[in-house]
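Given the sequences, and given the hints that come with them, work out the whole structure.
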Amino acid sequence: MAPTPPVPAAIAVRDLDVVRGGNRVLHGITLEVPRGRITGLLGPSGCGKSTLMRSIVGVQIVAAGTVEVLGEAAGSPALRPRVGYLTQAPSVYGDLSVAENLRYFGALFGVGAERIAATIATVGLGGFEGRITGTLSGGQRSRVSLATALLNEPELLVLDEPTVGLDPVLRADLWETFGRLAAAGVTLLVSSHVMDEASECDGLLLMREGRVLRETTPQGLRDETRESDLARAFLALIERSGSERKA
Amino acid sequence: MSRRSTLATARRVLWQIRRDPRTIGLLLVVPPMLLTILYFVFDAQEGTFQKIGAPLCGIFPFTVMFLITSIAMLRERTTGTLERLMTMPLAKGDVLFGYGIGFALLAAVQAVVICTVGFVALGLDSPHGAWLVGLLAIGNATLGMALGLFASAFARTEFQAVQFMPAFIFPQYLLCGLFVPRAEMAPALEGFSYALPLTYAYDALARVTEPGSLGGGFARDVLVIVAATVAALALGALTLRRRTG
Numbered sequence: 350m351a352p353t354p355p356v357p358a359a360i361a362v363r364d365l366d367v368v369r370g371g372n373r374v375l376h377g378i379t380l381e382v383p384r385g386r387i388t389g390l391l392g393p394s395g396c397g398k399s400t401l402m403r404s405i406v407g408v409q410i411v412a413a414g415t416v417e418v419l420g421e422a423a424g425s426p427a428l429r430p431r432v433g434y435l436t437q438a439p440s441v442y443g444d445l446s447v448a449e450n451l452r453y454f455g456a457l458f459g460v461g462a463e464r465i466a467a468t469i470a471t472v473g474l475g476g477f478e479g480r481i482t483g484t485l486s487g488g489q490r491s492r493v494s495l496a497t498a499l500l501n502e503p504e505l506l507v508l509d510e511p512t513v514g515l516d517p518v519l520r521a522d523l524w525e526t527f528g529r530l531a532a533a534g535v536t537l538l539v540s541s542h543v544m545d546e547a548s549e550c551d552g553l554l555l556m557r558e559g560r561v562l563r564e565t566t567p568q569g570l571r572d573e574t575r576e577s578d579l580a581r582a583f584l585a586l587i588e589r590s591g592s593e594r595k596a
Numbered sequence: 015m016s017r018r019s020t021l022a023t024a025r026r027v028l029w030q031i032r033r034d035p036r037t038i039g040l041l042l043v044v045p046p047m048l049l050t051i052l053y054f055v056f057d058a059q060e061g062t063f064q065k066i067g068a069p070l071c072g073i074f075p076f077t078v079m080f081l082i083t084s085i086a087m088l089r090e091r092t093t094g095t096l097e098r099l100m101t102m103p104l105a106k107g108d109v110l111f112g113y114g115i116g117f118a119l120l121a122a123v124q125a126v127v128i129c130t131v132g133f134v135a136l137g138l139d140s141p142h143g144a145w146l147v148g149l150l151a152i153g154n155a156t157l158g159m160a161l162g163l164f165a166s167a168f169a170r171t172e173f174q175a176v177q178f179m180p181a182f183i184f185p186q187y188l189l190c191g192l193f194v195p196r197a198e199m200a201p202a203l204e205g206f207s208y209a210l211p212l213t214y215a216y217d218a219l220a221r222v223t224e225p226g227s228l229g230g231g232f233a234r235d236v237l238v239i240v241a242a243t244v245a246a247l248a249l250g251a252l253t254l255r256r257r258t259g
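Heads up: the sequence lines are chains A and B, in that order.
Counting the first sequence from 1 gives a position; this note's numbering is that position plus 349.
Counting the second sequence from 1 gives a position; this note's numbering is that position plus 14.
The set of hints was computed from the structure by calculation and includes no laboratory data.
Glycine residues also receive a C-beta, built at the ideal position from the N, C-alpha and C atoms.
Please note: incorrect hints may appear among the correct ones.
Claimed, not checked - Computed beta-carbon distance windows for the label pairs: (1) 126(B) - 525(A): 51 to 59 Å; (2) 533(A) - 47(B): 53 to 61 Å; (3) 228(B) - 415(A): 35 to 43 Å; (4) 580(A) - 167(B): 26 to 34 Å; (5) 251(B) - 420(A): 27 to 35 Å; (6) 487(A) - 105(B): 31 to 39 Å.
To be verified - A short, non-exhaustive set of chain A residues, derived as facing chain B with CB atoms under 8 Å: (7) 369; (8) 409; (9) 410; (10) 424; (11) 429; (12) 430; (13) 434; (14) 436; (15) 441; (16) 442; (17) 449; (18) 458; (19) 461; (20) 478; (21) 481.
Claimed, not checked - Chain B regions said to be covered by chain A (calculated; three or more residues, Cβ under 8 Å): (22) 25-32; (23) 142-153; (24) 252-259.
In structure tokens form, the structure reads like this:
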């Protein structure tokens, strides 16, 4: 039997350096994100998660290195309908209603009313269609923003802290949605600074101070650190890398 | 570019304005109000009001659209919606022309209101027809919008964007010939006035309000207004960056 050819990674980053405002925020990042999985990008705030995600969706000027997404250079026009991007701060129009926001982004993607209604249900905003987005709570606003990223059913979703400010029930609902999407073949890269969300991911990228500390899995992290709690496992890893650097 | 995305953007900017009735009120009420005040300011000099009233009908929309567009576009830049749009299958031209179409429609409504007040209620007169003043008003508003789009790239905050009014618009008012004929200014200022787009906007309006044939000068003015609009849009397109630092 011929060996199955290796599935190309959804995202392949090589030696990525990024400088922002005179500071080097990413230091020679190299990583791969497999297709059809949920990969969690975790690390303390300010460690460069958002900058890495901006580089992957192609809106970040990079100093060196390459970023390949779905077989194309990051940011190439062919990728725009294939990649969904959720920015950390909700980027929707606060003075429009929920439905008007989605109708506008829907028109850009060429998706119809049915798909818009389905997406509103997916993010749990049924009944809020007529509300002005700016008057919603922070969590609701970020779900409007998430809805615009899901609207055209992209192959790759790059989600920067999608669950921040959500109550535990909604958070669980969203992770269930992400799981369903991944089962359907969608690749998800999801950042979070809350380690307890790591257990929802298939793979983990642990970042610290602009570097990738580990490419692992929740179980791999537990085994390596002999900690069952992922937050403590991450802390143990940081401590260890700190003492390695000193040594 | 796609017609669908351009029109969707035009509709969206109009939706946003519609959600803000106070802005609509200011857009439609303030220019006729100022014109009416001017009418009574020149109570004893009817000729002066006749001379500057009609050109003002065509210049107010320029100023207002500059201000509205620069702030609306600055918001797109600072709230992250522009960055979002730049990751979507949408051409920069769709954003620019979407804004252009949306705000030109708004300017048309404004032009109709101010021209109606000026020419019907306040007795302004134009030998070439009030409709021509109205058309120039829409053209000037589009120029103001294009300059506003471009200017928004140089402001970090809404405070700064508002300051562009006195910095870039007021000098053009002073030098365009509205207050003093340009030939009577210091030669250096007169020379400088040729570099300012509002000079041509005013010149075209002044020609429309004077009797006699419009002549080649009018065609030149209109051409310069159109060229300046296109140039400002092209410069504006350069400031819409897919990638930022």
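Hint check results:
no. : hint                        : verdict
1   : 126(B) - 525(A): 51 to 59 Å : 54 Å, holds
2   : 533(A) - 47(B): 53 to 61 Å  : 59 Å, holds
3   : 228(B) - 415(A): 35 to 43 Å : 60 Å, violated
4   : 580(A) - 167(B): 26 to 34 Å : 43 Å, violated
5   : 251(B) - 420(A): 27 to 35 Å : 29 Å, holds
6   : 487(A) - 105(B): 31 to 39 Å : 32 Å, holds
7   : 369                         : 6 Å, holds
8   : 409                         : 6 Å, holds
9   : 410                         : 5 Å, holds
10  : 424                         : 6 Å, holds
11  : 429                         : 4 Å, holds
12  : 430                         : 5 Å, holds
13  : 434                         : 5 Å, holds
14  : 436                         : 5 Å, holds
15  : 441                         : 7 Å, holds
16  : 442                         : 6 Å, holds
17  : 449                         : 5 Å, holds
18  : 458                         : 7 Å, holds
19  : 461                         : 12 Å, violated
20  : 478                         : 14 Å, violated
21  : 481                         : 7 Å, holds
22  : 25-32                       : holds (count 4)
23  : 142-153                     : violated (count 0)
24  : 252-259                     : holds (count 4)
Of the numbered hints given earlier, the model fails hints 3, 4, 19, 20, 23; all others are met.
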